[in-house]
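Sequences are here, hints too, so could you generate the full structure?
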Amino acid sequence: MTRDSRSNEQTATALLMAIPALAGLLLFILLPFATALLLAFTDLRLGSPLLVRFVGFDQFIHLINDPDFVRALFNNLLFAAVVVPLQTALALALALLLNRGLPGTVAFRTLFFMPVVFPMSLVSVIWSLIYAPGPDGMMNAFLEWGSFGLWEPRDFLRDPMLALPGIMLLSIWQGVGFQMVILLAGLQGIPQSLYEAAALDGAGSRQQLIHITLPQLRNPMIFVMLITTILAFRLFDQVQIMTRGGPDNATTTVIYETVQAAFARQQVALASAMTVVFFLFVLAVTWLQRRYTHHEREVS
Amino acid sequence: MRSTRLSVLLSYLLLGGMAMLFVVPLLMMFIGSLKPDQNILVEAGSLAAFLPSDVSLQNYADVFRRSDFPRYLFNSLFITGCIVICGLLVNSMAAYAFARLQWRGRDLLFNLVLALMVLPFEAIAIPLFYGASILGLRDSYTVQIVPFIANAFAVYLFYSFFISMPKELEEAARLDGASTLRIFFSIIMPNAKPVFASVAILTFLTWWGSYLWPMMVTIGPAVRPLPVAIASFFTLPPLYWGDILAFGVMMVSPVLLLFVTFQRWFVRGVASSAIKG
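Note that the protein sequences, when read in sequence, are chains E and W. Every position in the first sequence, counted from 1, becomes a number in my numbering once 1297 is added. Every position in the second sequence, counted from 1, becomes a number in my numbering once 355 is added.
These are calculated hints, taken from the structure and not from any lab test. Positions of the beta carbon are idealized from the N, C-alpha and C atoms, including for glycine. Don't take every hint at face value.
Label pairs and their calculated CB-CB ranges [what the hints assert, rightly or not]:
#	chain 1	residue 1	chain 2	residue 2	range
1	W	Leu467	E	Pro1488	30 to 38 angstroms
2	E	Val1349	W	Leu369	58 to 66 angstroms
3	W	Leu376	E	Leu1447	17 to 25 angstroms
4	W	Lys522	E	Val1352	52 to 60 angstroms
5	E	Ala1390	W	Gln457	47 to 55 angstroms
6	E	Gln1485	W	Gln393	46 to 54 angstroms
7	E	Leu1328	W	Leu612	34 to 42 angstroms
8	W	Val363	E	Gln1485	49 to 57 angstroms
9	E	Leu1383	W	Lys522	40 to 48 angstroms
10	E	His1359	W	Phe405	21 to 29 angstroms
This is the structure we're talking about:
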């Protein structure tokens, strides 16, 4: 009987403690998401006098045939395909360099991590100045100097070939420190005894890197690639501030198109369908990560 | 790893080269903010960009004249502060209930929380925005704070920490007749400072720089936070680069100061986000 009353007390307290968070998650995450799922199959458009109807997959079919949206999806994929390997490789290189324990490591780590505390909107503004057109623009001047005068000044953010690479570059600059710190923590978690054993077996530092460091770093590597891929699909701030999706849709993204549909055109259902497409990509990436991450419990 | 002199030299060369790339935009912002406008664009293409010229604080004065900077700063601090503090409380309590208490429906609800971690904010922004509009809550603090207090990932981080804490302390207190809430506040919380610090820093970084949502919901400057304010300051003609850089310096300085002071905590906080999976 005492046991019963105690478990009742616990249930009551547990509910009391869990309800604020649960209510918030249900109300502000699950409910809006369910609404988006539902609306994606209707033709709701604000300001339209017509009754809302269920239209099945019409919105999705519309999206497949919408060149702007297809371009946005392509840009997100291209962004991920370029930024994820580059940024991960750079973060790994920096983490390996810092992990050698050379004097001054902390100062370098501070510097590489610093852009992470910069809001992306501020980074976008600063880099708009770096990309200023004309020979006096910093990036133009730098490339001209680096190419011994071969580089012709370009207007990066208004050049269909350069606008997206320009946004990729500043995104890497801002985000690589975050990945680096995670990989560094992973490196520091590798047991030193593995290296000692390998050294006894006569393994050189390159062999140690390939046979110990990289396999041991597998889970953190997959994790940082996952978050960077998802970030690539969430790409919005830089585009909205620097290029507004232009020139000629060269930098438009799924989220940018979604916000355009929802705001400029009041197409609630279409924007919801875009949200669902976005979510499916995120879900697929997450699933891949879960699949390829080793779980220690399964191993031992 | 054996380090020969050559490889040490090479490491420093690589680190130094990378450091240059990282320092350039920062230096340009800080030094440019002290220069008169006409110097900035002209000098951007040469090393003069990194040397002060005609130094003055005129740009800073102009920011205060042309925009309501103190208000934006307050808005950002207030919004982010409320999300962080309420979030720490709400999410840690829920995590404790999931990690340590026995109750019906616990596992089911916890799995739901884990599943919700997969949803990025962008997947709910549009319906949330229409919901806020229908309720007439656009352009308010509420709409920028309340939806983001409960956070599935924060619950998960707290949960992972609580589940690995030794049970002895709690059991001793329980035998002394302490209530669950009392145990949580006076035993668990003081012994879980690292996870509170990590979650606070991750939450802070997420919402301090957040742009999409405040851009959608704010209409005027009244409740506008800094990231939206600098974007609109940037697009507001005439384009004075000196003022914009000064705005940027003032916007990032408080956080930079926090970061340099509590660097180890920032690094630990970010690294702890990877224990997921």
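We went through each hint and held it up to the structure:
A C-beta distance of roughly 37 angstroms is found between Leu467 of chain W and Pro1488 of chain E, which places it inside the suggested range of 30 to 38 angstroms. For the pair Val1349 of chain E and Leu369 of chain W, the supplied restraint of 58 to 66 angstroms holds, since their beta-carbon distance comes to about 59 angstroms. Restraint check, Leu376 of chain W to Leu1447 of chain E: a C-beta distance of roughly 21 angstroms satisfies the suggested window 17 to 25 angstroms. Remark: the range hint 52 to 60 angstroms for Lys522 of chain W to Val1352 of chain E is upheld by a beta-carbon distance near 55 angstroms.
The hinted window of 47 to 55 angstroms between Ala1390 of chain E and Gln457 of chain W holds, with their beta carbons roughly 48 angstroms apart. Against the hinted window of 46 to 54 angstroms, the Cβ-Cβ separation of Gln1485 of chain E and Gln393 of chain W comes to about 49 angstroms, which satisfies the hint. Range check, Leu1328 of chain E to Leu612 of chain W: Cβ separation about 39 angstroms, and the 34 to 42 angstroms hint holds. Hint check: Val363 of chain W to Gln1485 of chain E, Cβ distance near 20 angstroms, so the stated range 49 to 57 angstroms is violated.
Checked against the hint of 40 to 48 angstroms, the pair Leu1383 of chain E and Lys522 of chain W passes, with Cβ atoms roughly 46 angstroms apart. Taking the beta carbon of each, His1359 of chain E and Phe405 of chain W are about 51 angstroms apart, not inside 21 to 29 angstroms as hinted.
When held up to the earlier numbered hints, the structure conflicts with 8, 10 and fits the remainder.
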